[in-house]
Amino acid sequence: MTDTGRPHPMPAISGGSLREAELPAAPPVAWSTAARSESPFFQGVRRLRRSATALVGAAIVLALVLVAIFADVLAPLSPIASDHANTFASPSWDYPLGTDQLGRDMLSRLIHGARISLLVGVSSVLLALFVGVPLGLIAGYYGGRVDGLVMRVMDLILAFPIYLLAIILMVIFTPTAGLIGTMKVTGAIAIVRIPIYARLVRGSVLSIKEKEYVEACRALGVRDPWILLRHVLPNCLAPIIVTTTLGVATAIIVEATLSFLGLGTQPPTPSWGWDLKANVAFIQANMWLSLFPGLAIFITVLGFNLFGDGLRDALDPRLK
Amino acid sequence: MRTYLLTRLFQIVPTVLMITLVVFVMMQSIPGDPAVALLGDAYTEEDAERVRQEYGLNKPVLVQYVIWLGKLVQGDWGNSVLSGRPVLKDVLVRLPVTLELIVLSMGVALLIAIPAGIIGALRQNTWGDYTATSIAMIGVSIPEFFIGVLLLLIFSFGLGGLLPSSGWVYLPGTCPTIVCATGMVGNMQHVLMPALALGIGRAALLTRLLRASMLEVIRTEYVTTARAKGLAERPVVLKHALKNALIPTVTVMGLQVGFLIGGAIVVETLFAMPGLGTFGIDAIVARDYPQVQGFALITAISFVVINLLVDFTYTFLDPRIRYA
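Residue numbers (our numbering), protein chains in the order written: chain G, 1 to 320; chain X, 1 to 324.
Some hints could be false.
According to the in silico footprint, chain G covers these stretches of chain X (three or more CB under 8 Å from chain G) [unchecked claim]:
1. 57 to 71
2. 226 to 240
3. 277 to 287
Computed footprint of chain G on chain X, listed as stretches where at least three residues anywhere in the stretch have a Cβ under 8 Å from a Cβ of chain G [stated by the list, open to error]:
4. 85 to 98
5. 250 to 259
6. 263 to 274
None of these hints come from the bench; they were simulated from the model.
Idealized CB from N, CA, C, for every residue including glycine.
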């Protein structure tokens with residue numbers, strides 16, 4: 001489409017005010033042109049590119065994602081094959097980060113651990129997002145009894161300290177190894193995080209639904225799901241994006257903590273939290289064994305935190 | 001003022017009821033026969049029948065809940081499957097250790113965060129500010145147990161065993177058994193590293209927050225007025241700015257209590273402290289469900305009570321809230 005100019009002047013709608021008169025007559029045209037102009041989103045991206053810390057964060061996150069995807073290629077040895085002739089080997093050319101008490105290569109375990117950490121971190125947040133955001137949208141938009149019901153359930157979840165609830169859920173799910181075990185941890189963390197998104201979105205929706213453009217949509221007979229998806233949701237996207245990025249950092253810490261307590265993904269599946277815990281017993285003689293998994297968790301969380309912080313600075317309109 | 005405190009106090013009743021409901025549902029959802037869960041693996045059919053009668057396990061779920069709740073209120077939290085000891089007693093014995101850890105780590109957090117936040121705000125965009133904010137960023141990204149491991153490496157193994165790596169010395173007068181090590185100094189030696197491990201992460205978060213709210217407050221008109229009337233910088237910062245900047249910080253601290261309780265579970269496990277956390281984790285590993293239930297209940301209830309106390313602090317800092 002070549003027509004990127006402003007929408008054509010249109011007749012006022014039934015004796016309306018100035019604002020109603022400004023309503024686009026052909027909404028689809030107006031929307032497609034709006035997307036091409038400098039939207040707040042693209043302004044945010046430009047500001048993000050200028051922030052050094054956000055770029056460092058993004059680089060760390062990107063590197064970790066690549067490590068997680070290509071773990072099979074990158075890891076020099078199997079993360080679970082034990083070599084009883086080489087237990088507690090010091091870092092060397094054969095074992096860059098040494099081996100643990102079962103003679104497993106630490107570097108390979110860390111590389112594969114990135115997979116579990118990121119998988120649980122990202123998918124639990126996405127799951128929480130896909131449940132929490134619609135709940136928040138519905139509660140905020142419809143208000144009344146629906147709102148009361150949804151928010152009371154959220155309060156129920158929030159009445160528990162998050163680690164305690166995650167622990168309780170893992171007791172019910174019973175931790176196991178492998179993919180199923182990972183899914184259980186993901187589910188537990190997602191449930192704990194749902195209220196964060198529901199509350200966040202509800203708060204934004206409460207103010208957005210009073211705006212004139214939403215009222216205009218209703219007056220035009222646009223159906224509720226469309227209003228919610230096309231007009232309300234995009235306007236509360238900025239806080240959602242920031243909270244999601246920072247939420248991944250939290251989810252990764254919760255996963256590591258659950259594994260540390262022995263309630264996360266069970267061995268032999270490599271997990272940073274479990275590796276740290278298992279090696280604390282040998283900390284005096286082999287301190288690197290607990291240091292490396294801890295550093296891996298720290299760098300990952302730092303990456304998401306830096307990126308999330310940069311995003312917040314870039315997307316917060318008050319800082320313009 | 002008193003009405004506010006009383007209303008707030010009554011508001012925790014439904015919350016505590018909700019907690020009991022969730023814990024009840026949790027016990028119901030544990031796979032297998034609940035009678036067996038309450039008795040452990042070694043039981044006779046008569047025992048099982050007796051427990052079913054006692055807890056009304058053959059009655060509708062709602063009736064079961066009411067019976068169970070009645071027992072809780074009367075102080076019957078069940079008996080441990082393994083030791084046979086009453087759960088409530090065991091739990092209450094362990095609570096002070098965890099509370100001491102939480103209170104001290106909050107103290108650590110504030111001791112670090114208040115000066116760091118003030119320096120960050122007053123010297124905005126100087127190297128002092130950059131150092132404070134960078135360290136805070138690192139602090140929020142390290143999980144408690146890794147800070148704990150680093151502290152262990154430095155103070156227990158690095159500096160020739162300066163601080164003990166595990167175990168516990170009770171505060172004088174809090175010994176739960178007939179014989180146990182007590183003493184002020186010993187207690188401090190044992191609690192220092194766990195409190196630091198737990199406090200540092202929260203300190204980092206509070207520093208960031210306090211810096212931000214100090215920056216906002218310092219530009220308000222009443223601070224300018226205080227300065228204009230010739231007040232020295234110290235009372236301006238500490239009395240006028242800090243007290244107001246602390247309000248959002250205290251709110252977040254209340255929200256952080258949940259994290260502190262969770263963190264305490266982890267830190268206790270790392271340092272082998274005889275608190276609620278180790279109690280809970282041991283119970284989970286041993287599948288001692290009455291103990292798990294007691295652990296969940298007492299932890300969640302402590303959370304509500306600590307939150308209430310934080311709310312009260314809030315009214316002290318901001319008198320407007322009482323009248324709202």
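Need the list of violated hint numbers for this structure, in ascending order.
1, 2, 4
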